[in-house]
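Novice: Throw the hints in and build the complete structure from the sequences for me.
Protein chains in written order, with this note's numbering: chain H, 1 to 329; chain S, 1001 to 1334.
Bear in mind the hints are in silico, worked out from the structure with no lab data behind them. Hints are supplied without guarantee of correctness; some may be wrong.
[To be verified] List time: in silico DMTMM-like cross-link candidates among lysine to aspartate or glutamate, alpha-carbon distance up to 25 Å:
#1 K223/H x D1097/S
#2 K223/H x E1161/S
#3 K223/H x D1021/S
#4 K223/H x D1206/S
#5 K223/H x D1091/S
#6 K1263/S x D1251/S
#7 K242/H x D1323/S
#8 K1039/S x D1206/S
#9 K1067/S x E236/H
#10 K1136/S x D36/H
#11 K223/H x E1109/S
#12 K242/H x E1156/S
#13 K1263/S x E1308/S
#14 K1067/S x E1109/S
#15 K129/H x D1021/S
#16 K1015/S x E236/H
#17 K129/H x E1156/S
#18 K285/H x D36/H
#19 K73/H x D36/H
#20 K129/H x D1091/S
#21 K1067/S x E1191/S
#22 K1067/S x D219/H
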Amino acid sequence: MIAYMVRRILLALLTIWMITILSFIIIQLPPGDFVDTYANTMSAGGTGITQAEKDALREQYGINQPMYVQYLKWMGLIMQGNFGMAIEWGRPVLDVIGDRLMLTIVISLAAIVFTWALALPIGIYSAVKRYSFLDYLFTFVGFIGLAIPGFMLALIVMYVGFSYFGSNIGGLFSADYAEAPWSMEKVWDLIQHLPVPAIVLGVSGTAQMIRIMRSNLLDELRKPYVMTARARGLAESRVIMKYPVRVALNPFISTIGYLLPYVVSGSIIVSMVLSLPTVGPLLLKSLVAQDMFLAGTIVLLLGVLTVIGTLISDLLLMWVDPRIRLGRQ
Amino acid sequence: MTKDNHPLLSVRNLKTYFFQDEGTVKAVDGASFDVFPGKTLGIVGESGCGKSVTAQSILRIVDAPGKIVEGTITLTRANGNQVELTQLQPDSQEMRDIRGAEIGLVFQEPMTSFSPVHTVGDQITEAIQLHMNVTKLEARKRGIEALRSVGIPKPERRIDEYAFELSGGLRQRAMIAVALSCSPRLLIADEPTTALDVTTQAQILDLLRTLQQQNQMAIMLITHNLGVVAEMCDDVVVMYLGRVVEQGTVDDIFHSSKHPYTKALLSSIPSIEMESRVKLPTITGSIPHPYARPAGCPFYPRCERFMEGVCDKQEPTLLAVSDKQKVSCFLYQK
Chain H
1 MIAYMVRRIL LALLTIWMIT ILSFIIIQLP PGDFVDTYAN TMSAGGTGIT QAEKDALREQ
61 YGINQPMYVQ YLKWMGLIMQ GNFGMAIEWG RPVLDVIGDR LMLTIVISLA AIVFTWALAL
121 PIGIYSAVKR YSFLDYLFTF VGFIGLAIPG FMLALIVMYV GFSYFGSNIG GLFSADYAEA
181 PWSMEKVWDL IQHLPVPAIV LGVSGTAQMI RIMRSNLLDE LRKPYVMTAR ARGLAESRVI
241 MKYPVRVALN PFISTIGYLL PYVVSGSIIV SMVLSLPTVG PLLLKSLVAQ DMFLAGTIVL
301 LLGVLTVIGT LISDLLLMWV DPRIRLGRQ
Chain S
1001 MTKDNHPLLS VRNLKTYFFQ DEGTVKAVDG ASFDVFPGKT LGIVGESGCG KSVTAQSILR
1061 IVDAPGKIVE GTITLTRANG NQVELTQLQP DSQEMRDIRG AEIGLVFQEP MTSFSPVHTV
1121 GDQITEAIQL HMNVTKLEAR KRGIEALRSV GIPKPERRID EYAFELSGGL RQRAMIAVAL
1181 SCSPRLLIAD EPTTALDVTT QAQILDLLRT LQQQNQMAIM LITHNLGVVA EMCDDVVVMY
1241 LGRVVEQGTV DDIFHSSKHP YTKALLSSIP SIEMESRVKL PTITGSIPHP YARPAGCPFY
1301 PRCERFMEGV CDKQEPTLLA VSDKQKVSCF LYQK
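Specialist: What follows is the structure in structure tokens.
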């Protein structure tokens, strides 16, 4: 078991290293570099930029060196905990991300709590009372939720909020608090703004999870161990909750791995539409601007989180499922 | 004993149907039989003849869309009261008190009859705590005792293991231990030895017999293995497509069977005296599709003694041919 864990951790480190190379290559792939984009923006704004100025900028940021040198330099910086400067922002990358990271985590956690709190009970109900009126209703509503793209839902919610309630429900703070330092009032303001993005972000996940929970549980309900539990004289609710639900939850633990990067990046398009100050829009912006330190750091962060998330879910699964822990397929 | 003449469980005209979109499956269609204390009743028949659904009906754990539509199941409880099980709600307190405590169930699949993520001990002490007013520690002690009584070595260690860590034979023993942990007066064993090899099979059957003698428990043994029936049972019920076609003592069934179906079943058992390399007699045809059940006697399309105009027109009823033997066939009805 310890050998297994050590092997998993070593493999995870190797994967992370591969991810650094991949993310570096990916952000270098589009033609041109940050300076080109910057020059284009400047000339579009009327103030041109000379070739000499361009070269000076390239020299300054080290973009004119061969790729592997850039990569090694980047890795060297990361090893020292320095993720470079966000060129467009003129601030260290960690500063720029750090601001938004906490808010992203808050929103994503709210969305996940919303999803699980709604999806699991509905999924269980739908499986136990299969083909009942409510099961059909949840299926119908669920498919609608699955079919509507998140950004569309965000637009509709904003439109309705604006035209019927006269309030702008985008963003995470009221105008008064957006730039204010943290205080109890600001936290309360945040909490009041949370439900809309959490629900919009959580809807399709909820619909999906209801379906998964329902079909997982339906599979388990047919197994003989459910009948033998009933034959022991347990109350029906206890039979269901203790045995098949417990087994049907296991697959969800393996999805925790994918939740972690999602928690950090959030949904990019929905966040743009709702103008949420999260990491997602930041990633998009940095890619458009070819701000390679910022984009590279975010891509790397997502990759690392995926690896860590997968590792965590594997270990969790080993903990909760004796079949895996005791090495039986 | 005079008590022996009074059945512990009495099933009359039981009908359990499954209502599906494609049609109604009459899984059990008018089964009647009695189970006596200290005796073993064998229920035999091919796959799909309604044996298991009969067992589930008695425990009231038939899965939807199955429903008991007619008939009575009368159980004499430990205090002497008679309860009509079909009148109870499946999830009612009284029904749950009977399940596990008075009627134990052993299932045919020892592999999947235990939850894969709970220990054997968890499931055995759960039953004990539910039906007996004991502490957790006491329940665990009794659980270990129950495992020991079914011949599981090192029960104090096995109790904390998971079902998949046990061998097939041990798993089935553990299953029996769970079913017997609250000393039920009736044990329903649904193909208890089907998934096991012959040696283990013999051990399990021996075990059941020993335990039966110890506490005068009644056993309802559901099987398609006539060898097991001959070895274990006092009385036999032969079922075909949800109906009882013949019933009698084990001697009646094996030595003077009446129904063509019973005869055909018996003749398809390989015998050690038989000439080798000769094809075993089989019952021609196959079991009709549950939605396309023949009119009249359900067995007539496969019957060697089919009488046109009689068997395919009317339904035979179960009538006595001797003191203890009953058969449902026009050959014996005047």
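Novice: Quickly compare the C-alpha distance for K223/H and D1021/S to 25 Å and report which way the hint goes.
Specialist: holds (23 Å)
Novice: Run the distance test for K129/H versus D1021/S: straight-line Cα separation, threshold 25 Å.
Specialist: holds (17 Å)
Novice: Given the hint that K73/H pairs with D36/H, test it: the Cα-Cα distance must not exceed 25 Å.
Specialist: Holds - the C-alpha atoms of D36/H and K73/H are around 21 Å apart, at most 25 Å.
Novice: Keeping to a limit of 25 Å between CA atoms, is the pair of K223/H and D1206/S held or broken?
Specialist: violated (28 Å)
Novice: For K223/H and E1161/S, compute the direct alpha-carbon distance and say whether it is at most 25 Å.
Specialist: Measuring from Cα to Cα gives roughly 20 Å; hence the hint holds.
Novice: Taking only the CA atoms, is the gap from K129/H to E1156/S under or equal to 25 Å?
Specialist: violated (40 Å)
Novice: Measure nothing beyond the straight line between the CA atoms of K285/H and D36/H; if it is 25 Å or shorter, mark the hint as holding.
Specialist: Holds, at about 15 Å.
Novice: Hint check: K1067/S vs E1109/S, CA-CA at most 25 Å. Holds or violated?
Specialist: Between K1067/S and E1109/S the Cα gap is close to 23 Å, so the pair holds against 25 Å.
Novice: Does K223/H pair with D1091/S here, judged by a C-alpha cut-off of 25 Å?
Specialist: Given pair K223/H, D1091/S holds - Cα atoms ~19 Å apart, limit 25 Å.
Novice: Check whether the Cα positions of K242/H and E1156/S lie no farther apart than 25 Å.
Specialist: This hinted pair holds, its Cα atoms lying about 24 Å apart.
Novice: Holds or violated: K223/H with D1097/S, Cα cutoff 25 Å?
Specialist: Holds. K223/H to D1097/S sits at ~23 Å (cutoff 25 Å).
Novice: Regarding the pair K1067/S and E1191/S, is the alpha-carbon distance no greater than 25 Å?
Specialist: holds (22 Å)
Hint violations for this structure: numbers 4, 7, 10, 17, all remaining hints satisfied.
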